[in-house]
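Peer 1: The lines below spell out each chain.
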Amino acid sequence: MKNKKTGLVFFPAFDWAISPTHPEREERLLYTRDQIFEEGVLDLPEIEEYAPRLATIHDIARVHFCVPRVQSQVTEAHLIAAGSATLLADAIVHGELKNGFALVRPPGHHAMRVVHGNRGFCNINNEAILVEYLRRHHGIKRIAIVDSDVHHGDGTQDIFYHDPDVLFISFHQDGRTIYPGTGFPNELGGPGAYARTINIPLPPGLGDETFHYVVDNLILPILEDFKPEFIINSAGQDNHFTDPLGSMRFTARGYAEFTRKLNPHLAVLEGGYAIETALPYVNLAILLALAGHDYSYVREPEWPGTMPENPERVARVQRVVEQLRNVWENRDRVDLDKIFGTGTFFQRRKHIYYDTDYIEEEQLERVRRCPNCPGYITIDSRADHGYGHPSRVFCVSIPFTACGTCQTEAYDAYEQARGLVQYQFVYLQDKSTDTFLAFDQDKAQEWVSEGPRVGE
Amino acid sequence: MYIGIDVGGTCTDAVLLDRGLVRAMAKVPTREDLLSSLLEALDEIMKGVEGELVERVVFSTTVITNLIAEKKYDPVGLILMPGPGLSPSLYRFPTDTHIIQGAIDYRGREIIPLRLTEVDQAAAELAARGYRKVAVVGKFSCRNHRHEKEVAARVLWNYPDWHVELGHQVAGQLNFPRRVVSTYLTCATREKYQFFVRSVQEAISQRGIKGAIFILKADGGTLPLESSLEVPVETIFSGPAASTLGVQALTPPGETAVVDIGGTTTDLALILSGQPLLASRGARVDDMLTHVRALAVKSVPVGGDSVVERVGKDIIIYSERLGAPYCLGGPLPTPTDALRVLGLTRLGDADRAREAMQMLGAPLGLSVAEVASRVTTRVIETITREIEAMFSRWEQEPAYRVWEVLQKKKVRPSTVVGVGGGAAGFVSQIAARLGCYPVIPPYAPVANAIGAAVARPTLQVTLRADTEQGFYIILEEGYQGKITERSFNEENALELAKEWLCKRAARHGLEDCVEGLEVTRREVFNMVRDWVTVGRLIDVTVQTRRGILYHVGAGGTSE
Ligand SMILES: [Zn+2]
Ligand SMILES: [Zn+2]
Numbered sequence: 001m002k003n004k005k006t007g008l009v010f011f012p013a014f015d016w017a018i019s020p021t022h023p024e025r026e027e028r029l030l031y032t033r034d035q036i037f038e039e040g041v042l043d044l045p046e047i048e049e050y051a052p053r054l055a056t057i058h059d060i061a062r063v064h065f066c067v068p069r070v071q072s073q074v075t076e077a078h079l080i081a082a083g084s085a086t087l088l089a090d091a092i093v094h095g096e097l098k099n100g101f102a103l104v105r106p107p108g109h110h111a112m113r114v115v116h117g118n119r120g121f122c123n124i125n126n127e128a129i130l131v132e133y134l135r136r137h138h139g140i141k142r143i144a145i146v147d148s149d150v151h152h153g154d155g156t157q158d159i160f161y162h163d164p165d166v167l168f169i170s171f172h173q174d175g176r177t178i179y180p181g182t183g184f185p186n187e188l189g190g191p192g193a194y195a196r197t198i199n200i201p202l203p204p205g206l207g208d209e210t211f212h213y214v215v216d217n218l219i220l221p222i223l224e225d226f227k228p229e230f231i232i233n234s235a236g237q238d239n240h241f242t243d244p245l246g247s248m249r250f251t252a253r254g255y256a257e258f259t260r261k262l263n264p265h266l267a268v269l270e271g272g273y274a275i276e277t278a279l280p281y282v283n284l285a286i287l288l289a290l291a292g293h294d295y296s297y298v299r300e301p302e303w304p305g306t307m308p309e310n311p312e313r314v315a316r317v318q319r320v321v322e323q324l325r326n327v328w329e330n331r332d333r334v335d336l337d338k339i340f341g342t343g344t345f346f347q348r349r350k351h352i353y354y355d356t357d358y359i360e361e362e363q364l365e366r367v368r369r370c371p372n373c374p375g376y377i378t379i380d381s382r383a384d385h386g387y388g389h390p391s392r393v394f395c396v397s398i399p400f401t402a403c404g405t406c407q408t409e410a411y412d413a414y415e416q417a418r419g420l421v422q423y424q425f426v427y428l429q430d431k432s433t434d435t436f437l438a439f440d441q442d443k444a445q446e447w448v449s450e451g452p453r454v455g456e
Numbered sequence: 001m002y003i004g005i006d007v008g009g010t011c012t013d014a015v016l017l018d019r020g021l022v023r024a025m026a027k028v029p030t031r032e033d034l035l036s037s038l039l040e041a042l043d044e045i046m047k048g049v050e051g052e053l054v055e056r057v058v059f060s061t062t063v064i065t066n067l068i069a070e071k072k073y074d075p076v077g078l079i080l081m082p083g084p085g086l087s088p089s090l091y092r093f094p095t096d097t098h099i100i101q102g103a104i105d106y107r108g109r110e111i112i113p114l115r116l117t118e119v120d121q122a123a124a125e126l127a128a129r130g131y132r133k134v135a136v137v138g139k140f141s142c143r144n145h146r147h148e149k150e151v152a153a154r155v156l157w158n159y160p161d162w163h164v165e166l167g168h169q170v171a172g173q174l175n176f177p178r179r180v181v182s183t184y185l186t187c188a189t190r191e192k193y194q195f196f197v198r199s200v201q202e203a204i205s206q207r208g209i210k211g212a213i214f215i216l217k218a219d220g221g222t223l224p225l226e227s228s229l230e231v232p233v234e235t236i237f238s239g240p241a242a243s244t245l246g247v248q249a250l251t252p253p254g255e256t257a258v259v260d261i262g263g264t265t266t267d268l269a270l271i272l273s274g275q276p277l278l279a280s281r282g283a284r285v286d287d288m289l290t291h292v293r294a295l296a297v298k299s300v301p302v303g304g305d306s307v308v309e310r311v312g313k314d315i316i317i318y319s320e321r322l323g324a325p326y327c328l329g330g331p332l333p334t335p336t337d338a339l340r341v342l343g344l345t346r347l348g349d350a351d352r353a354r355e356a357m358q359m360l361g362a363p364l365g366l367s368v369a370e371v372a373s374r375v376t377t378r379v380i381e382t383i384t385r386e387i388e389a390m391f392s393r394w395e396q397e398p399a400y401r402v403w404e405v406l407q408k409k410k411v412r413p414s415t416v417v418g419v420g421g422g423a424a425g426f427v428s429q430i431a432a433r434l435g436c437y438p439v440i441p442p443y444a445p446v447a448n449a450i451g452a453a454v455a456r457p458t459l460q461v462t463l464r465a466d467t468e469q470g471f472y473i474i475l476e477e478g479y480q481g482k483i484t485e486r487s488f489n490e491e492n493a494l495e496l497a498k499e500w501l502c503k504r505a506a507r508h509g510l511e512d513c514v515e516g517l518e519v520t521r522r523e524v525f526n527m528v529r530d531w532v533t534v535g536r537l538i539d540v541t542v543q544t545r546r547g548i549l550y551h552v553g554a555g556g557t558s559e
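Those protein sequences? They're chains A and B, same order as listed. Residues 1 to 456, numbered by the UniProt record's numbering, are exactly what the first sequence covers, in order. Residues 1 to 559, numbered by the UniProt record's numbering, are exactly what the second sequence covers, in order.
Treat the hints loosely; a few may be bogus.
In silico lysine-lysine, DSS-like type, Cα no more than 30 Å apart, as pairs [said to hold, decoys possible]:
1) B:K498 - A:K5
2) B:K133 - B:K192
3) A:K261 - A:K350
4) B:K298 - A:K4
5) A:K98 - B:K47
6) A:K338 - A:K350
7) A:K98 - A:K261
8) B:K47 - B:K298
9) A:K431 - A:K98
Listed below are several chain B residues computed to face chain A (Cβ distance under 10 Å; list not exhaustive) [said to hold, decoys possible]:
10) M1
11) G83
12) G85
13) V300
14) V528
15) T533
No lab work stands behind these hints: they were computed from the structure. Glycine included, C-beta positions come from ideal geometry on N, C-alpha and C.
Chain A with its partners taken away, still in its complex shape (with noise of 0.2 Å):
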């Protein structure tokens, strides 16, 4: 039968490591491999298992500024996790399935628009990367991120905060408790893209059944609202009672439940650091869950079974989720100006630390308010390695739907800027012609990327 099966594309790059004692190791998905080998899951007439492919370099430039360019932030491993990503995305839109899951490492959601080094374990974000693909090659135009890994997708909120048909929706534990320490209900999208970002932060220890509510009763009702063509879950499975690095209590039949209700057209895998524990049971689960599977006989050895939650915490959860249930609900009869002010151009500055690589960025970004299409962006940023003089650069970002007055002024941006001597790279990336340029001042040369050629 056609459009029944759910596709994996297993990647678990077991000769890719951050370091050797870093979390994000080659050991990660070695137990989960194990647990879906055993279980003879690939063999399942509904799961069909697909060889991974890698992404291009400009499939990676039409999302992010990797400074000085794409190929000294990125390694194979990320380019073939990206890959993977848009390889099932190309099978489900040809109708060839009905879902997939990218089992992948390395992880990518707090990959931000501009690419310094790696922050959060993060080069390159396989969601955004997979979202302006989906755009570029299917025409795909709505899109849903929702985002379960126990830490805030900022990566993937930086990128998308100004785009009004990307809706990002990201549950984690409170910032205030845990990297990166964003992501709170106030962070709602800049004025042309108001309420298309939604943060719902949880008190840490909230288990399975708390996590339902929110799911039940503010994500769901607002996914049915926008309509999205394609949902796409970013899976991070570090809320998992046994993580490390969280401190949430969710099990594997949980996450299983949420898959199966959220129902997205793609997993991909983000986080998770239990990784004897949690992900050989939650990446299990979830993969059932897809396929349409019973998932009731997945459970983790420790299984502590359903946990009296803390009212106190409960009640917090719920005033969140009643909360920006209205400010959904409003999204369209606020007074922007009230929010954003009048100025022709919204502006914020952000400051950006890269924990993995200690590097310090500091960012001007600025969106045109245009009443046309959702308005180019400009970031001047500055990026302080702790060494040497800090790096900056600047860069144009014309969105895919952008009019023709945004497009002519952006050119006139990076025109304006390559005559700058304080950047030492200007870029452009023009995703409504699909062309990227980079501007070395030094070398004063020009790169363009049109694209992948013959042979490429």
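Mind docking chain B with the ligands on chain A? Use the hints.
Peer 2: Leaving out everything else, chain B with the ligands in the frame of chain A:
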């Protein structure tokens, strides 16, 4: 001198090789009594040759295949310990299945203890239903076989005369449902296979042959007949392996598609970089998935004797055979008749072949030649498409490491080698469509027997060490041992695996094969807890050299 015998469904083929040259060959019909066909073929090639001169006899046989296909075995009950994971309702094993408590995890740690009362109950229920054979299999039993052993001991305590087969002794690889099926089939066929082996040994010694007797396995390796008693199911599907090895022996090395066109099926195989391609997972036996390692062979349901019929305006080739081709006195038109009309074969009667094409084409207003070329084109298209699909399936096989992904390159065949009855008429056109050279090797009709004759004995040993828990496992032996050295590393693991392979070789009388060992898998993972390395998981697989002993027709030069 070497002898190869392939006991196929319709014919039993045999060759006698003398230092790489074919000295005699025979083709006799396969009868119900396999042994008599085997002896007849043997006698034909041994005319005037002293039995003492024969160093080895290798045969491939359908005996196990037939036992399984015809379900000619005693019923086998299952006692399983699947533990948590997939819902047991997804397992559809063709027999009484009892699921009991008890679970081992991926590192071989007990996570749920056994309950012996449940074992007693399961065994009593099986006994009540007349079972005397039982397969006991636990999830992750290849990482720790304690539960399986305890269950077996308990069952045998209650029923000392039962035949109990344990999962970890049958298959060491991961995949519980496949291990269940492999264990079930092993349990089911062991006794009958034993009887067969004994009579073969008897017959061959009656002919004065004192050389070693081997049997071909589905993966193209051979085992001493005596040792094959341990793994009867692995002798299944040795036919396609035999013809693939035959092609390997009869043609120069390269990227080759092997097309073995028989009466009703065409078997396809690939030889890549000079070695037959192994299937990435175990073989499907009687529609059940097993752990049996096999060459990647695709059986296409079309052959020289397939029935061809006109349906409306279409001419259709069916997958069944209803007797011989029309030109050979059969009832209905077949591709062989089409070949006869086109002058691509000399088999049978030309007039009857034309008559067959006439029957098909007249209502459509097609000439005899037009019908014939339409029929052959259909066959050629089907086979060509399947060869292409085999290559892309191979390319699409998953990879779990960066370097594996990067090194996958597009490989296409450079030659198409045809063997089997129908090969001559089709191979050149198949090759033309694939843009490669057609080859019909000398001795093509007995390539399978040649393949059997020159197949190498194969043995492999997989060692898995867990230095944190301080033990290692030899998968093929179902052995669990302690690691005492604190500094046990990859090199120690490799040495230990080699020692075990030598031991294993000695046990099978294959001491000579241990030269030129190949390391086919090498995996080391550090286990880190709280940023400190607490141990290593080391997996190594060593095996004897795969492939053929020498090329045939080239004067016996060694590979
Ligand atoms: Zn995380
Ligand atoms: Zn505009």
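Peer 1: If you check each hint against the structure, which ones fail?
Peer 2: 1, 3, 5, 8, 10 and 13
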